[in-house]
Amino acid sequence: MPTPSTLDVTQAIQFAQLVNLTYGTPPGDLTNAAGQALSAGGVDYTVVTTIYANDLATDMNPARGVDEVSIGLICQEDKTGDVAIAIRGTEGWLEWIHDADFLLVPCPFLAGAGHTEDGFTDMYESLRTGATPGSPTVVNALGNLPFAQPVGSVTICGHSLGGALATLLALDVAANTTFTNPAVYTYGSPRTGDSLFAGTFDQVVKNSWRVANRLDIVPALPPPLDYEHVLNPVELIPVRLVPWPPETLVKYTVSCEHSLATYLYLLSLQSTGATLPLEPGCKP
Numbered sequence: 001m002p003t004p005s006t007l008d009v010t011q012a013i014q015f016a017q018l019v020n021l022t023y024g025t026p027p028g029d030l031t032n033a034a035g036q037a038l039s040a041g042g043v044d045y046t047v048v049t050t051i052y053a054n055d056l057a058t059d060m061n062p063a064r065g066v067d068e069v070s071i072g073l074i075c076q077e078d079k080t081g082d083v084a085i086a087i088r089g090t091e092g093w094l095e096w097i098h099d100a101d102f103l104l105v106p107c108p109f110l111a112g113a114g115h116t117e118d119g120f121t122d123m124y125e126s127l128r129t130g131a132t133p134g135s136p137t138v139v140n141a142l143g144n145l146p147f148a149q150p151v152g153s154v155t156i157c158g159h160s161l162g163g164a165l166a167t168l169l170a171l172d173v174a175a176n177t178t179f180t181n182p183a184v185y186t187y188g189s190p191r192t193g194d195s196l197f198a199g200t201f202d203q204v205v206k207n208s209w210r211v212a213n214r215l216d217i218v219p220a221l222p223p224p225l226d227y228e229h230v231l232n233p234v235e236l237i238p239v240r241l242v243p244w245p246p247e248t249l250v251k252y253t254v255s256c257e258h259s260l261a262t263y264l265y266l267l268s269l270q271s272t273g274a275t276l277p278l279e280p281g282c283k284p
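Numbering of the sequence shown is given in the UniProt record's numbering, commencing with residue 1 and proceeding in unit increments.
Simulated from the structure, these hints should not be mistaken for lab results.
Built from N, CA and C at the ideal position, the CB exists for glycine as well.
Treat the hints with care, since some could be wrong.
Below, a list of computed lysine to any residue pairs in the SDA-like style, where the Cα atoms sit at most 25 Å apart [what the hints assert, rightly or not]:
#1 Lys206 with Phe109
#2 Lys79 with Phe109
#3 Lys251 with Leu21
#4 Lys283 with Gln270
#5 Lys283 with Val254
#6 Lys79 with Asn207
#7 Lys206 with Asp226
#8 Lys283 with Val43
#9 Lys206 with Glu125
#10 Lys251 with Leu94
#11 Lys206 with Glu91
#12 Lys206 with Asn181
#13 Lys251 with Leu221
#14 Lys206 with Pro224
#15 Lys79 with Gly42
#16 Lys206 with Ala37
#17 Lys251 with Val9
#18 Lys79 with Pro150
#19 Lys206 with Thr6
#20 Lys79 with Ala37
#21 Lys251 with Val234
#22 Lys283 with Ser255
#23 Lys206 with Ser255
Ranges between beta-carbon positions, derived for each pair [what the hints assert, rightly or not]:
#24 Pro108 with Pro233: 38 to 46 Å
#25 Asp118 with Gly28: 18 to 26 Å
#26 Thr180 with Thr10: 22 to 30 Å
From just these sequences and the hints, can you work out the full model?
Below, the structure written as structure tokens:
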């Protein structure tokens, strides 16, 4: 793995593309994708299991919190045995921005680790490897999943509210499983917990990169009065400042600035590979 002070842009793109693949499954499709072949960033994976959760409840749609949805994938790289856990955002993220109360609750899986946002925490505690009641949680299942080969490294990646879930999962995995050194890539993640939580995360999870578009509103939430971001920040700027005059790279809307395709596009501008496309409606 690269050192925390330097972002491997190629890997950041690869894991963002893996997260992007999770958006291809409708949330209400509870079919387990185990055995499915995937490719992200030129790396071939096999799905070990789908991840399920109760959706994020909001004041505008409180009933959503009882809906079971597919939220991510646990995959194993065919060549190396490395495991990647990819978690997408939720359909209700705009509602969350509009009406969230940003209440804090004690971190449920590590004593003394501060407090975390209650909606994220409720959703995190519902993460399971099966759609049926009583299925094991992701953390409890991780050491017993039918991996085809010995596990190399573990990388946890997520976009939007999935970035908050990835942050919670990474600390839980590092503190409470034998996979004590997970790497983390999040894209457009909100703040997940308070300063004690962030400090605990930074001490326990050594390989973490939090990629944020400067004009994306989601990483600015919840407000910093009671919340603090985890390390290590990687800022993307959707404006080309030179040559003069400045050039806007992305259409300025809340959805466009937060889109994972925008993150992939801005990351690709920093890479030596091909420029990845924006969503058609996000071209300036």
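Evaluation of the provided hints:
{"no.": "1", "hint": "Lys206 with Phe109", "result": "19 Å, holds"}
{"no.": "2", "hint": "Lys79 with Phe109", "result": "33 Å, violated"}
{"no.": "3", "hint": "Lys251 with Leu21", "result": "23 Å, holds"}
{"no.": "4", "hint": "Lys283 with Gln270", "result": "18 Å, holds"}
{"no.": "5", "hint": "Lys283 with Val254", "result": "14 Å, holds"}
{"no.": "6", "hint": "Lys79 with Asn207", "result": "22 Å, holds"}
{"no.": "7", "hint": "Lys206 with Asp226", "result": "23 Å, holds"}
{"no.": "8", "hint": "Lys283 with Val43", "result": "28 Å, violated"}
{"no.": "9", "hint": "Lys206 with Glu125", "result": "23 Å, holds"}
{"no.": "10", "hint": "Lys251 with Leu94", "result": "18 Å, holds"}
{"no.": "11", "hint": "Lys206 with Glu91", "result": "30 Å, violated"}
{"no.": "12", "hint": "Lys206 with Asn181", "result": "7 Å, holds"}
{"no.": "13", "hint": "Lys251 with Leu221", "result": "21 Å, holds"}
{"no.": "14", "hint": "Lys206 with Pro224", "result": "23 Å, holds"}
{"no.": "15", "hint": "Lys79 with Gly42", "result": "12 Å, holds"}
{"no.": "16", "hint": "Lys206 with Ala37", "result": "30 Å, violated"}
{"no.": "17", "hint": "Lys251 with Val9", "result": "23 Å, holds"}
{"no.": "18", "hint": "Lys79 with Pro150", "result": "11 Å, holds"}
{"no.": "19", "hint": "Lys206 with Thr6", "result": "13 Å, holds"}
{"no.": "20", "hint": "Lys79 with Ala37", "result": "13 Å, holds"}
{"no.": "21", "hint": "Lys251 with Val234", "result": "21 Å, holds"}
{"no.": "22", "hint": "Lys283 with Ser255", "result": "12 Å, holds"}
{"no.": "23", "hint": "Lys206 with Ser255", "result": "31 Å, violated"}
{"no.": "24", "hint": "Pro108 with Pro233: 38 to 46 Å", "result": "26 Å, violated"}
{"no.": "25", "hint": "Asp118 with Gly28: 18 to 26 Å", "result": "24 Å, holds"}
{"no.": "26", "hint": "Thr180 with Thr10: 22 to 30 Å", "result": "25 Å, holds"}
Taken one by one, the earlier hints fail for this structure at numbers 2, 8, 11, 16, 23, 24, listed in ascending order.
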